[in-house]
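Colleague: Protein chains in written order, with this note's numbering: chain A, 225 to 657; chain B, 213 to 671.
Bear in mind the hints are in silico, worked out from the structure with no lab data behind them.
Mixed in with the good hints there might be a few duds.
What the hints assert, rightly or not - A few chain B residues facing chain A, derived, Cβ under 8 Å:
(1) ASN315
(2) ASN359
(3) GLY392
(4) GLY404
(5) SER409
(6) SER448
(7) GLY454
(8) GLY493
(9) GLY497
(10) VAL554
(11) PRO555
(12) ASP585
(13) GLY586
(14) ILE629
(15) VAL667
Glycine is no exception: its CB is placed at the ideal position from the N, C-alpha and C atoms.
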Amino acid sequence: MTPHMDFPSSLPGDAGSLTPGVWGLQSLGVQVKQAQKPTGEKEARDILAQAFQGRQTVFPCGGGTSLSAGVLPQSIDLALDTTGMDKVLAFDPLNLNLEVSAGMTLDQINEFLAGQGKGFFLPLDPPWSNRATIGGTYAANSSGPMRLRYGTLRDLVLGVRGIDSRGREIGFGGKTVKNVSGYDFTKFLIGSAGSLCLVTSVVIRVYPLPDASSLCDLVFETREELEKFLAALRSSVLLPSAVVVTDLAGGPGVSDTAGIRFRVMIGFEGHGLAVERQNKDLLKLAGEFGGLGDARTGRDTMIQGIRSAVDPVRSWGDPLFLRISVPIVQGPRIFVALRRLLHDHGLLGKMALCAPNGVMFLYAEGVQEKEAEDLMRDLRDLIPAGSGYVTPILAQRSLLQGWGARVEPSLHQLAFQPIKERLDPTGVFPPIL
Amino acid sequence: MERDQILKKLQEIVGERNVLWKDVDLAVFEYDAGLDKEIPGFVVFTRTAEEVAQVVKFLHREGISYVARGSGTNLSGGTIPLNRGVVIELSRMNRILEIDLPNERAVIEPGVYNLTLQNALAPLGYYYAPDPASQKVSTLGGNFGENAGGPHCLKYGVTSNHILGAEVVWPNGEKVWIGGKAVDPPGPDLLGLLVGSEGTLGIATKILVRILRSPERVLTMLAIFKNLEDAGQTVSDIISEGIIPATLEIMDHMMIRAVEESMHAGYPLDAEAVLIIELDGLSDGMEEQAQRILEICQKNGVVSTRRAKDAAERADLWAGRRGAFGAVARLAPSYLVCDGTVPRTKLPAALSAVKKVGQKYNLAVGNVFHAGDGNLHPLILFDDRNKEEMERVHRAGMEILKICAELGGTISGEHGIGTEKLKGMPLVFRDSDLEMMQNLKTAIDPKGVCNPGKVIPRA
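For reference, chain A alone in the conformation it holds in the complex:
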C-alpha cells in the first residue's frame, strides 16, 4: 500500500508526519497539493503515467537536502517522494559497481558497502550525507571534499534508469566503466534537478576500503601562509583524497585582515606505507609555511573530520545554503571575502572550502529575505558571471525568484529550453534552469 498524503494547499499540514523532502518543499515556499511515496519503479511509473494523462505537475524529491538546485515552482500538484525506493538492486564486488534505487541515502549505501566482504565504499560525501539520497545527489550534482581523489557524479555514475514524462521506462549507460553507445544521458541528467525525468536507480562505481587512512589537522594563521601552503601542496607529489579549509575565530596576534585563522583538514588513503610517508611529508611542508598540527590515523577519524567540516550545524530554519565554485587559486581569497560578507551582513554561518577544487559551501540560517537579497547582490559583485558559479542548494523560493538567470541565457535558449520542450512537452516535471 502506497503511503498517500493529501493535505489542503492552504495549510502546511502536520510537518511531523511528512518526509523531509516534502516538508522541505513547503518550508521553502512551494505549495504542495499532494504527496506520494512509491516503493518501487512500477508504482512510480503508474503515478507518472497518470500525471501525464491528467496534466499534473510532479516534483521528485528525496531527502530534501538540495531542493533549490533547480527551479522551485510556486505550486505543484504532486510531490513524488523517492525515499520509499531504498533498495540495493545489485552489488557486483568483483566489477566494483553497485546498482541502487534512487531513494537510498548515501550513509545507507556506505553502511551496506562496509559490511560486504573486505569492505567497500562510495566516495560521495556532500553535506548531509545522512539524509541526501543518491537520486537527489545525482539530480543536484552534489559532491564533497573527496571529489579531489574520486571525482564527482560525472566520474562515478555508470548508468541510470528512470521514467520519462509520459510514464515510460528509460535507461542509459550500464555497468561498464567505458561506454560511448549513444548520447550520454547518464551524464546529461546530472544536475538536471528532476526537470527531465524521474531517476529511479543508478549504477555507481564503488571502491574497496583502503588499507590505511589518516587525517592531518592543521592551523594557519594568515591567508598568505595558507595560499603558499596550498600552492606547494598542489605542486608536490602528495596525493591527498580530500583537502578542506574552514575558518577559526581569530585570537590575539592573528594577523589576517579578516581576523580569522584557517583550519585545514587533509585526508590520505591508500597503502599504509604511502599514508605514513604522506603524513610526515605534509606536516613538514605545512611547517615551512607556518602551519601547525598533527596527523591521526584511522578511517573513522578521517571521514568524521572531513565530514564535520562541510556538514551544516543545523538543518532547519530559513536556511541559505550555497555552493560556490571559482578557479582553484582564487579559492582562499574568495573564502575570506565571503566570511567578511557574512560578517558585514550580520549573518551567522558556516563555510568550508574544498581547496584543490575551488569549491566552497556557505551555510547561513535564520536568514531573512532582505538580508539574503543583499548578500546575493554582493556575491554577484564578488563572483561576476563567467568567473565562477554561485549555486543555491537550499534557499527560499522567493529569494530564487529574484536571483536572475543561473544558466547563461544563450545556453538556456539554444539547449536547455528546446530539450525540455521535447522531452517533457506537457510540463510534468519542474521547469529547467
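Position chain B relative to chain A; hints supplied.
Modeller: Frame of chain A, contents of chain B only:
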C-alpha cells in the same frame, strides 16, 4: 542553391585556397579509419572559431549537412560525410592557447594532437590523462567528439572526465561557451553530453581540459601467459583485490607477432598472451603492490614476468602496444576493429566467445585491448577486395557486439557508434531510449544538418 554558388560562398568565408571541390581532392576525405566511404561535397579548412561559425551558419541556413573532422582516425565512420555533406576540417586550428599550472587547466584548439599537448606538459611536470593509442595523430577535437579513452583511462577516466569547458559552435552557427576554469556549472551536464556526441550536436572550437601532476614513480611490468583467458582472469583478480593500476592491457599471440615483426618491442614471440601492467603514484607501497600482482599472476599460471628496467624499455613496451593497430597491416590489407565492452569478470567468457565467432566465420581475429576496462578490441582481418569475405566480417562484427551486450556490456567503449554500429543500438537500448535521443538531437539541431545519420538509428 547551386554547387558553384555554395563554393563561392565558402570561399568568401575561408579564402579560395581553403576549399577543396575537385573530385580528386575530395577523394582523400571520403574515408576515416572505419570501413564506410562517402565522397564529401566540399572540404573547408578553417583557421578560427569565427570561420567555423560563419561556415556553419551558412550551411545551416541553406540546409546543407556538414561534419567536423580532425585527423580522421575515427574508427566507426563518424567523420564520413553522408549525402555529399561538407567536411569542416579543423586540423589547422592547432594552437595550445594556454597552460595554466596554478589552476591545473589548459586551453587548446581542436586541431592540436593529443601527443602535442602531452609533450608540452611533460617538461612542466604535468600530463593530460586520456591517451588514445592514436595519440600521435588524433586531435583533441576528435577526442572530444568521440569521448576517447586509452590505456591510462583505467585509473584516470576517459576524455569526458577531463573536459571542464568548451567553446562550441552550435548547429545553427551560434558560438557559446560551456563550463570554464571553475567546476560545477549549474544545470544539466551539457558538456558531459557533448563530449562523445560524435560531432552531431555542435563543433568544439576551443577546449578547456584538466591537467594532472606527473606521478612520482611509474612501474611497468610485462606478464606472459600461455592462454588469453588466463590473462583476462588475472586482470579481473587484480582489480577485485582492490589494486587499481594505471593500465592493464592485453595482446594475444597474433598481435604480438604483428607488433614484433613491425617494430621489435621486445615481446616474446612464443607467448600466447601478454599483459602490460603499469602502476603509478607514490613510490612508497608500490613494491608491495607489485609483489601482490605477481602473486596473482602466478595463481593464474603466468609463464614469466619482467619489469621495464628503465624509461627506454618502458617506451618500447608502449610503442608496441600503441602501434598494434598499424602493425596488422603486415597480416592483412584491412581490418574491422570491434569495440564492445563487458564487465571485467566477463572477459574470459567474452574472449572465448570471440574466438568461436572467428572460427564460425572462418576469419582471423587478433585481440589487443584495454583489459582493465573490459574494453575489447577484436581485430577481424580481411581483404576488402573480397566482397564475400567482407560480408562475413560484418556479420561476425555484429555477432561480437551481441555477445558483449548479452554479457552485460555495451557495443562501444570508446570508438563511438558512427555509421558502423547503428544496427547494434537496439541491442542495448529500448525504443523509448532511442526516441529520447532523437528528441534531444531534434531539439538541438532541428534541421538535422550537423553530422546527420550517425549515433541514432532511423526509426
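Colleague: Indicate, hint by hint, whether the structure satisfies it.
Modeller: Evaluated hints:
Given hint, ASN315(B) at the interface with chain A, holds; its Cβ is 5 Å from that chain's nearest Cβ, closer than 8 Å. Against a cut-off of 8 Å between C-beta atoms, the interface hint on ASN359(B) holds, since the closest Cβ of chain A lies about 5 Å away. The closest approach between the C-beta of GLY392(B) and any C-beta of chain A is roughly 7 Å, which is under the 8 Å cut-off, so the hint is satisfied. With a cut of 8 Å, the hint placing GLY404(B) at the interface with chain A holds, because the nearest CB-to-CB distance is about 3 Å.
Checking SER409(B) against chain A by beta carbon gives a least distance of about 6 Å; that is within 8 Å, so the hint holds. Restraint check, SER448(B) versus chain A: the minimum CB separation of about 6 Å is within 8 Å; hint holds. With a least beta-carbon distance of about 3 Å to chain A, the hint placing GLY454(B) at the interface is held under the 8 Å criterion. With a least beta-carbon distance of about 6 Å to chain A, the hint placing GLY493(B) at the interface is held under the 8 Å criterion.
For GLY497(B), the interface hint holds, the least distance from its beta-carbon to any beta-carbon of chain A being 3 Å, beneath 8 Å. A cut of 8 Å between beta carbons decides the hint on VAL554(B): the least distance to chain A is about 7 Å, and the hint holds. Below 8 Å, beta-carbon pairs count as interface contacts, and PRO555(B) has one with chain A at about 4 Å; its hint therefore holds. The closest approach between the C-beta of ASP585(B) and any C-beta of chain A is roughly 5 Å, which is under the 8 Å cut-off, so the hint is satisfied.
Evaluation of the GLY586(B) hint against chain A yields a held restraint, the C-beta minimum of about 6 Å falling below 8 Å. The beta carbon of ILE629(B) is positioned within 8 Å of a beta carbon in chain A (closest approach about 6 Å), and the interface hint is therefore held. Here the hint on VAL667(B) is kept, as its CB sits about 6 Å from the closest CB of chain A, short of 8 Å.
Hint compliance for this structure: every hint is met.
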